[in-house]
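A.B. asks: So the chains spell out like this:
Protein chains: 2
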Amino acid sequence: MIYFDSAATSWPKPIEVWKAMEHCIRFVGANPGRSGHSMALEAGRLVDETRELLASLFNIRNPDQIVFTLNATEALNLAIKGLLKEGDHVVTSSMEHNSVTRPLQVMKGRGVEVTKVPCAADGSIKVKDLEAALKPNTAAVVITHASNVTGTLMPIGEIGQLTKKKGLRLIVDAAQTAGVFDLDVSFMGIHLLAFPGHKGLYGPTGTGGLYIAEGLELTPLKEGGTGSKSEIPDQPDLMPERYESGTLNSVGIAGLAAGLKFIRREGMERIRKHEMNLTHRFLEGVKEIQGLTVYGPKDLYSRTPVVSFSLKGKPAGAVGTILDQQYKIACRAGLHCAPDAHRTLGTFEQKLVRFSFSYFNNEREIDQAILSLKKIAAIPTEEFNKKEDKSCGC
Amino acid sequence: MIYFDSAATSWPKPIEVWKAMEHCIRFVGANPGRSGHSMALEAGRLVDETRELLASLFNIRNPDQIVFTLNATEALNLAIKGLLKEGDHVVTSSMEHNSVTRPLQVMKGRGVEVTKVPCAADGSIKVKDLEAALKPNTAAVVITHASNVTGTLMPIGEIGQLTKKKGLRLIVDAAQTAGVFDLDVSFMGIHLLAFPGHKGLYGPTGTGGLYIAEGLELTPLKEGGTGSKSEIPDQPDLMPERYESGTLNSVGIAGLAAGLKFIRREGMERIRKHEMNLTHRFLEGVKEIQGLTVYGPKDLYSRTPVVSFSLKGKPAGAVGTILDQQYKIACRAGLHCAPDAHRTLGTFEQKLVRFSFSYFNNEREIDQAILSLKKIAAIPTEEFNKKEDKSCGC
Numbered sequence: 073m074i075y076f077d078s079a080a081t082s083w084p085k086p087i088e089v090w091k092a093m094e095h096c097i098r099f100v101g102a103n104p105g106r107s108g109h110s111m112a113l114e115a116g117r118l119v120d121e122t123r124e125l126l127a128s129l130f131n132i133r134n135p136d137q138i139v140f141t142l143n144a145t146e147a148l149n150l151a152i153k154g155l156l157k158e159g160d161h162v163v164t165s166s167m168e169h170n171s172v173t174r175p176l177q178v179m180k181g182r183g184v185e186v187t188k189v190p191c192a193a194d195g196s197i198k199v200k201d202l203e204a205a206l207k208p209n210t211a212a213v214v215i216t217h218a219s220n221v222t223g224t225l226m227p228i229g230e231i232g233q234l235t236k237k238k239g240l241r242l243i244v245d246a247a248q249t250a251g252v253f254d255l256d257v258s259f260m261g262i263h264l265l266a267f268p269g270h271k272g273l274y275g276p277t278g279t280g281g282l283y284i285a286e287g288l289e290l291t292p293l294k295e296g297g298t299g300s301k302s303e304i305p306d307q308p309d310l311m312p313e314r315y316e317s318g319t320l321n322s323v324g325i326a327g328l329a330a331g332l333k334f335i336r337r338e339g340m341e342r343i344r345k346h347e348m349n350l351t352h353r354f355l356e357g358v359k360e361i362q363g364l365t366v367y368g369p370k371d372l373y374s375r376t377p378v379v380s381f382s383l384k385g386k387p388a389g390a391v392g393t394i395l396d397q398q399y400k401i402a403c404r405a406g407l408h409c410a411p412d413a414h415r416t417l418g419t420f421e422q423k424l425v426r427f428s429f430s431y432f433n434n435e436r437e438i439d440q441a442i443l444s445l446k447k448i449a450a451i452p453t454e455e456f457n458k459k460e461d462k463s464c465g466c
Numbered sequence: 073m074i075y076f077d078s079a080a081t082s083w084p085k086p087i088e089v090w091k092a093m094e095h096c097i098r099f100v101g102a103n104p105g106r107s108g109h110s111m112a113l114e115a116g117r118l119v120d121e122t123r124e125l126l127a128s129l130f131n132i133r134n135p136d137q138i139v140f141t142l143n144a145t146e147a148l149n150l151a152i153k154g155l156l157k158e159g160d161h162v163v164t165s166s167m168e169h170n171s172v173t174r175p176l177q178v179m180k181g182r183g184v185e186v187t188k189v190p191c192a193a194d195g196s197i198k199v200k201d202l203e204a205a206l207k208p209n210t211a212a213v214v215i216t217h218a219s220n221v222t223g224t225l226m227p228i229g230e231i232g233q234l235t236k237k238k239g240l241r242l243i244v245d246a247a248q249t250a251g252v253f254d255l256d257v258s259f260m261g262i263h264l265l266a267f268p269g270h271k272g273l274y275g276p277t278g279t280g281g282l283y284i285a286e287g288l289e290l291t292p293l294k295e296g297g298t299g300s301k302s303e304i305p306d307q308p309d310l311m312p313e314r315y316e317s318g319t320l321n322s323v324g325i326a327g328l329a330a331g332l333k334f335i336r337r338e339g340m341e342r343i344r345k346h347e348m349n350l351t352h353r354f355l356e357g358v359k360e361i362q363g364l365t366v367y368g369p370k371d372l373y374s375r376t377p378v379v380s381f382s383l384k385g386k387p388a389g390a391v392g393t394i395l396d397q398q399y400k401i402a403c404r405a406g407l408h409c410a411p412d413a414h415r416t417l418g419t420f421e422q423k424l425v426r427f428s429f430s431y432f433n434n435e436r437e438i439d440q441a442i443l444s445l446k447k448i449a450a451i452p453t454e455e456f457n458k459k460e461d462k463s464c465g466c
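Sequence order for the protein chains is E and F. Numbering of the first sequence is given in our numbering, commencing with residue 73 and proceeding in unit increments. Numbering of the second sequence is given in our numbering, commencing with residue 73 and proceeding in unit increments.
One chain only, chain E, in its complex shape:
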C-alpha cells in the first residue's frame, strides 16, 4: 500500500517508536508522578525526557511549560477556552481547521467576538489584512502554521512581530508543521503552541501538547489528581501539573520521545528536503494531467508536503475510493475537517482529494500515483458517476 495520509497521522512510524512503547509498557509500566517507588520515578523521568526533547525542538526555555494532551485538538481547546474572556476580540484566518473554528464558535456564545480574516484563493493571508482586523479589545490572534488542506504556510514570524508590537497573544496550531518546519517560540513570539505527537513528530496516536508561555495563566480544561499538592481543594498552580490532571499517556509519551530522537538523528532539514522533493516531483508530474487542478501555492517555499486537487467532473470521494481499492493508494477525500478553508478555495461543494507525503514515502510511489491519476482522469465521466462514493464527507 502507498500511504499518502500523513497529514491525518504519519505512517509508518520509525521502528524505535513502538520498541520504546513496548519497553515502557513491559519494564516501566508504573504511573509517572504518582507514587514514590523506583518504577514510578523511572516513568516520570521518561515523561520529563520527552518534555526536554520538545523544548529543545521548539526553543522553549523551561520544559515544564509544555503540557501533554490527548491530541492537538485538546491543546487548542485549552489554549482558546483557557485564554479568552467575555468581551475579548480574537482574530483568526479563513483557513482554519475545525479544531480552531469550533472552540471559537463556542466562545462566541460566551461573549467573545471573532473575526475571520479572508485568505486568498491559494490559502495565503496578508499580514496587513490581519492588522486591519485588530480592534481595541483584540486579545489574541489564533492561526494555523500551515493549512491542512492546501499546505499553505502562514507567515508566523511576521504575525509574531505584529502581535508583539500590539501586545497581543499569539496562538499557533502546528498540527501540520511540528517536526518538519522550523518553530521557535521565542523568535516567533508564540505564546501558545499546540502540536500533535502523532504526525510530523512520529509519536503514536494519543499524544499531543501545548506550550504555554511563562507567566500566562489559563483556565484549566480539567481538574483532578495531579500527584502533587493533593491536600488543596483547588487545582494546584504548579507547572505542568496544573493542566495535566489524571494519568498521563506515559506509554505514548515514551514513543513520542523515540520519534523526537529519530528527527534529531535524521535531521529536520533532511526530512523536510526529502518531503518537499517528493512534493515537487508530484506537482510537476500532475501538470500534464488534463482536468487536474492543484489548489494552494505553486512555489515550494510557501507550502508543506500536503497537496489537494480535483479532477474535473469526478467527485473527490469517488476518486479517493478508486485510488484506495484499485491502486492501493491511501489518501483523504472530502472537506478535511476544514469547511472554512474549502469555502476560501471555492471547493466547499465539490470537495478535494488530498495527498500528504512523509519521510517514508519515495519517488517510485509518487510516480505510481501520477500514473494512477492519469488513468483515473481518462475514465469517461458517465462511467465515473456509477462508482460508489465512499468519502467520509469530512
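Don't read these hints as lab results, they were simulated from the structure. Treat each hint with caution, since some may be false.
Because identical chains cannot be distinguished in the list, a pair is counted as satisfied if it fits within a single copy or across any two copies.
What the hints assert, rightly or not - No more than 20 Å apart at the CA atoms, straight line, and that leaves these computed lysine to aspartate or glutamate pairs for EDC-like:
no., residue 1, residue 2
1, K301, E313
2, K237, D256
3, K180, E303
4, K400, E114
5, K200, E360
6, K207, E94
7, K238, E94
Model the placement of chain F on the given structure of chain E, informed by the hints.
C.D. replies: This is chain F only, laid out in the frame that chain E set:
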C-alpha cells in the same frame, strides 16, 4: 520487584496488550474515522470493537454511548461539568478522589451547590444519609464505586434505586472497580460511568472512557474535528463523535481491546477471587504485626483488593521508601490524591501506605511483604526518623 501499585495503574499487562498495540501501530496505523481508505476503516473497526467489548462488560445497550477519553479524570470532568448547571445541587461522599472533588470545586464557583455526605471511619456510606442530603434542587449524585484509599465498596445498587425513585442522575467513578467488580449500568441505574482503561481493564495508560445514558445531553469539554458533519460550525450531535474531538488514541484503544478480551477469557469472577484471596492472606498476615493498623472494612465482601495501613510512629513516606529500596516492593504512600478520604479516616496528617493487588500477584509476594513489614515494624522509631521521606506527598 513486587508491584503492589495496581490502583495507580496495573502492571504487568497481559502480553497480548502490547502485542495488539504493536500490531495496530505497524499494520493499522491510520487515523480512525478520518479518511475513507482501507487502513483508516480498519482502524475505525478496531475502535468500534473496543466499544462493543466495553458495552458487553458494563451491559450497555448501544456501544456508541461510550466515549473514549485520555483517562478517567477526563471522563469525570466531562460528566460533572457537562451535566451540572448553575443553581443545581449535587450530593457526593467524603471519600472521593480529587478527580471528583476538584471539578466539583470548580462548579461551586459556577453556582452549583455541593453537599459532601460524611462517611464512617471505614469509608462506608449510609444510603439514608445520602437521602437526607437531598434538596428540591438536587440534580445528581456523584460517587465512587470504591475508595482508592481503603477499598471500601459503595452500595451503588441501592444508591441507584434511590436516584431512580427521586428522578436524579447518578454519576459513578469506577476507577477502582471496572474490570474486577460487577458494573451493570441498566440494573444499577447509572447515567454516567467513568472508567480508566489502564487499571482493572489491563489496557495501557492514555485510555479511559465515559458511558453516557441515551437521551442525556452534556456540554462537551472539547470541540474540533470529528471526521463527521465537518461542514457545520458547531460540534455535531452524533454519538460518540460529539464528545470525541481530535484524533483518538487508537493504538492505546487497540491495547485496551486486548485487555478486555483477557478479562473475558480469564473470567472476571476468577480474577476477583484471586485478588480477594491475596487480600485476605495479607489482612490475616498483618494482624500480628504490632503497631500496624489497617484502615477500611474488615470483611472481604465490602472491599476491593486495595489496603491502606499505618505503622505506629513511622511516617508513611519513609515506610514506602524502605519498602521500595530495601525490599523492592512498589506501593504508594501519601494522600493518594484523596485528601477528603484521609480526613474521613483521620489520617490526613499522618498519611498512609497503600498496597493494591492485581491478578498477576501471588501468595509468595504477599508473604514476602508481610515479612518485610514485620522487619520494618521492628525498627526503633528514633532510627526511623533519620530515613529519607521520599513520599510524593499525594
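A.B. asks: All the hints need checking, so say for each whether the structure fits it.
C.D. replies: Hints and how they fare:
no.: 1; hint: K301 x E313; verdict: within (10 Å within a copy, 34 Å between copies)
no.: 2; hint: K237 x D256; verdict: within (18 Å within a copy, 58 Å between copies)
no.: 3; hint: K180 x E303; verdict: between (36 Å within a copy, 18 Å between copies)
no.: 4; hint: K400 x E114; verdict: between (43 Å within a copy, 14 Å between copies)
no.: 5; hint: K200 x E360; verdict: neither (36 Å within a copy, 79 Å between copies)
no.: 6; hint: K207 x E94; verdict: neither (51 Å within a copy, 51 Å between copies)
no.: 7; hint: K238 x E94; verdict: neither (48 Å within a copy, 49 Å between copies)
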